[in-house]
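Asks: Spelled out from the first residue to the last, the chains are:
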Amino acid sequence: MTGQLLLFAFLAAVTIVCGVAMILADNPVRSALYLVLVLFSVALLFLTLHAVFIAAVQIIVYAGAIMVLFIFVIMLLNLGTPERIVDRLKPQQALGPILGVVFVILLAFIISSLPTGKHPPLSNTLVGPYEIGMNLFTANWIFPFEIVSILLLVAAVGAVMLAKKRI
Amino acid sequence: MPIPLDYYLILSAALFTIGVVGVLIKRNPIVIFMCVELMLNAVNLTFVAFSRYHSDIGGQMMVIFVMAVAAAEVAVGLGILVSIFRNRASINVDEIDLMKG
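Protein chains in written order, with the working numbering: chain A, 139 to 305; chain F, 85 to 185.
Careful, some of the hints might be misleading.
Interface residues of chain F toward chain A, partial, derived using beta-carbon atoms under 8 Å [stated by the list, open to error]: (1) V105; (2) I114; (3) V153.
Cβ-Cβ distance ranges computed for the label pairs, FRET-style [to be verified]: (4) A194(A) x V177(F): 29 to 39 Å; (5) S174(F) x P258(A): 47 to 57 Å; (6) K303(A) x M183(F): 18 to 28 Å; (7) Q230(A) x M183(F): 17 to 27 Å; (8) V153(F) x A246(A): 26 to 36 Å; (9) P258(A) x A173(F): 55 to 65 Å.
Read the hints as simulated data drawn from the structure, not as lab findings.
Keep in mind it's a predicted model, so treat the numbers as computed, not measured.
Beta carbons are placed, not taken as given, at the ideal position from N, Cα and C, and that holds for glycine.
This is chain A alone, in the form it adopts within the complex (with noise of 0.2 Å):
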């Protein structure tokens, strides 16, 4: 079964290697690209994880309205092309990188000194529409999923009285 490990292996690549594009990326455009990119690796990173449902759900909020909005808002404020901004801080751009990967060689020492990551997987049930629903709108969840709904309206709110001009 090296043929799941080979995939996982391109997809974790694509997506690393598109994130650090994104972060180099002087082109706001540019960034936003990328990051459509990392968001669908992501994406497919969920299905083979099983869980079809969320990778549908990754494509059309996140691929779909969440990066409409940004490329809304960058031709909206005309920052398509990149300014030169004289920098303040200029050793936070040095020091950054260089504490990132320690960060991550120190994460990945303490996530594989984890009891927990050797086991294989409990069960191979794809996880679909059906369950979900069933989950979120039976007693266990159903009060989150309301809150959420509430969470939603104030936002659609306040931006509207950020964003206009009168009201």
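With chain A's structure known, arrange chain F on it following the hints.
Replies: Frame of chain A; chain F shown alone:
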């Protein structure tokens, strides 16, 4: 043999760190927002991986809620950016220092 859980956890740790470094070194608030989205996605990957390997659907429920909160956060954040841009004609994070933070 299937892929160990460790691989997914290390991948999402690396993604999260890329997001953190991006927040630290970028000066454009829109790109900073994108890095925050990247961090949220890394956490979602951890949730889904644990959900599969421990056969507990609660992780995927949390992913749905994280996505809803991320959508709300992006809408409000970009609204704030638009109103800052309207008032100051610049959204460089180094120049937004009215609160002297």
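Asks: Taking the hints in turn, state whether each one holds.
Replies: Okay, the hints, checked on the actual structure:
Satisfaction of the interface hint for V105(F) is found here, the shortest Cβ-Cβ separation to chain A being roughly 4 Å, below the 8 Å cut-off. For I114(F), the suggested interface contact is upheld, since its CB lies about 5 Å from the closest CB of chain A, less than 8 Å. A least Cβ separation of about 7 Å between V153(F) and chain A falls short of the 8 Å threshold, and the interface hint therefore holds. Take A194(A) and V177(F): their Cβ atoms lie about 35 Å apart, and the range 29 to 39 Å holds.
Taking 47 to 57 Å as the suggested C-beta distance range, the pair S174(F) and P258(A) conforms, at roughly 54 Å. Take K303(A) and M183(F): their Cβ atoms lie about 23 Å apart, and the range 18 to 28 Å holds. About 20 Å separates the C-beta atoms of Q230(A) and M183(F), a value consistent with the hinted range of 17 to 27 Å. Between V153(F) and A246(A) the CB atoms are about 28 Å apart, so this pair conforms to the stated range of 26 to 36 Å.
Checked against the hint of 55 to 65 Å, the C-beta distance between P258(A) and A173(F) comes to roughly 57 Å, which is consistent with it.
When the structure is compared with the earlier hints, no violation turns up for any of them.
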